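Use the sequences and the hints to build the structure in full.
Heads up: the sequence lines are chains A and G, in that order. First residue of the first sequence: 1, per the numbering used here; consecutive thereafter. First residue of the second sequence: 114, per the numbering used here; consecutive thereafter.
If you are wondering where the hints come from, they were derived from the structure by calculation, not from laboratory data. Remember, it's a predicted structure, so these values are computed and weren't measured experimentally. Just so you know, even glycine gets a beta-carbon here, dropped at the ideal spot from N, CA and C. Be aware that a few hints might be false.
DSBU-like, lysine-lysine: derived pairs with alpha carbons at most 35 angstroms apart [unchecked claim]:
(1) A:Lys70 <-> G:Lys155
(2) A:Lys14 <-> G:Lys155
(3) A:Lys101 <-> G:Lys155
(4) A:Lys57 <-> G:Lys115
(5) A:Lys101 <-> G:Lys115
On the chain A side, residues computed to face chain G include the following (Cβ under 10 angstroms) [stated by the list, open to error]:
(6) Leu43
(7) Leu45
(8) Phe55
(9) Leu90
(10) Phe103
Partner residues aside, some chain A positions facing chain G, computed with beta carbon under 10 angstroms [what the hints assert, rightly or not]:
(11) Ser7
(12) Pro8
(13) Lys9
(14) Arg13
(15) Gly16
(16) Thr20
(17) Tyr35
(18) Gly42
(19) Tyr48
(20) Ala61
(21) Cys94
(22) Glu100
(23) Leu102
(24) Phe104
(25) Ser106
(26) Gly107
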Amino acid sequence: DGGITQSPKYLFRKEGQNVTLSCEQNLNHDAMYWYRQDPGQGLRLIYYSQIVNDFQKGDIAEGYSVSREKKESFPLTVTSAQKNPTAFYLCASCSPVGGEKLFFGSGTQLSVL
Amino acid sequence: QKEVEQDPGPLSVPEGAIVSLNCTYSNSAFQYFMWYRQYSRKGPELLMYTYSSGNKEDGRFTAQVDKSSKYISLFIRDSQPSDSATYLCAMTRGTGRRALTFGSGTRLQVQP
Chain A
1 DGGITQSPKY LFRKEGQNVT LSCEQNLNHD AMYWYRQDPG QGLRLIYYSQ IVNDFQKGDI
61 AEGYSVSREK KESFPLTVTS AQKNPTAFYL CASCSPVGGE KLFFGSGTQL SVL
Chain G
114 QKEVEQDPGP LSVPEGAIVS LNCTYSNSAF QYFMWYRQYS RKGPELLMYT YSSGNKEDGR
174 FTAQVDKSSK YISLFIRDSQ PSDSATYLCA MTRGTGRRAL TFGSGTRLQV QP
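What follows is the structure in C-alpha cells.
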C-alpha cells in the first residue's frame with residue numbers, strides 16, 4: 001500500500017538531547033513537508049523540500065534541521081536549541097500532478113522528559 | 114491577525130443534523146481551498162478540494178467558496194457520530210508549492 005510512514009509514534013526527549021523523527025513515503029512524490037501542531041493552533045510549517053538535496057525553511061524553522069538525501073525520505077531533527085519541542089509533528093507529501101493536495105502521515109508525538 | 118481564521122468550537126450537534134463549518138481568510142491571492150478531517154492523534158485526511166469560487170459536492174459533504182467575501186464553508190448532511198473529529202480548512206496561492214496555510218481547526222462532536 002502506498003503511503004507516508006512516520007516513526008516513532010511517540011518520542012521522549014531529555015534536556016539537551018537531539019532527536020530525529022523519521023518520514024518515509026512510497027508515493028513517488030517530489031515535495032515533502034514537516035508541520036508542527038500545537039493544541040488550538042492548527043498546523044505550522046517547519047521545513048519543506050521540493051526536490052532531493054534541496055530544502056527551505058518554513059515559518060518556524062529555528063531549532064530544527066532536515067535532510068533530503070533520497071526522494072523517499074525526509075527526516076526531521078529536533079535539536080537542543082528548540083526550547084519548547086513538545087508537540088505533534090506531521091510529515092506530508094505532494095504529488096507534482098496532484099495540484100496542491102497534501103497527504104499526511106500518522107504523526108509523531110514528541111514530549112520532553 | 115491570522116491569515117486564516119476558524120472558530121475552534123467545540124461544536125456539538127445531534128446525530129442527523131446538518132453541520133456548517135466555516136473559515137475566513139485575508140489573502141485574496143488564495144486560489145486552492147481544502148478541507149481536512151483529523152481524528153484525535155492521527156494525521157489529517159483530505160475531504161474536499163476546490164479551485165477558485167463555487168460549490169463542490171461529494172456524498173454528504175458540500176464545500177463552498179466565496180472569494181468575493183473571502184469565506185469558505187463545509188456542510189455535512191445527516192451527520193453521524195463517526196463524523197466527530199477536528200475539521201481543518203487549508204488554502205494556498207498555488208504557486209511554487211510552498212505549502213498550505215491552515216486554519217486552527219474546529220472540533221465537531223456528533224451526539225448519538
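Against the structure, the hints come out as follows:
no., hint, verdict
1, A:Lys70 <-> G:Lys155, "holds, 25 angstroms"
2, A:Lys14 <-> G:Lys155, "holds, 24 angstroms"
3, A:Lys101 <-> G:Lys155, "holds, 18 angstroms"
4, A:Lys57 <-> G:Lys115, "holds, 20 angstroms"
5, A:Lys101 <-> G:Lys115, "holds, 22 angstroms"
6, Leu43, "holds, 4 angstroms"
7, Leu45, "holds, 5 angstroms"
8, Phe55, "violated, 12 angstroms"
9, Leu90, "holds, 6 angstroms"
10, Phe103, "holds, 7 angstroms"
11, Ser7, "violated, 13 angstroms"
12, Pro8, "violated, 13 angstroms"
13, Lys9, "holds, 9 angstroms"
14, Arg13, "violated, 18 angstroms"
15, Gly16, "violated, 27 angstroms"
16, Thr20, "violated, 19 angstroms"
17, Tyr35, "holds, 8 angstroms"
18, Gly42, "holds, 4 angstroms"
19, Tyr48, "holds, 5 angstroms"
20, Ala61, "violated, 13 angstroms"
21, Cys94, "holds, 6 angstroms"
22, Glu100, "holds, 4 angstroms"
23, Leu102, "holds, 6 angstroms"
24, Phe104, "holds, 3 angstroms"
25, Ser106, "holds, 5 angstroms"
26, Gly107, "holds, 5 angstroms"
Consistency with the previously given hints fails for numbers 8, 11, 12, 14, 15, 16, 20, ordered from lowest to highest.
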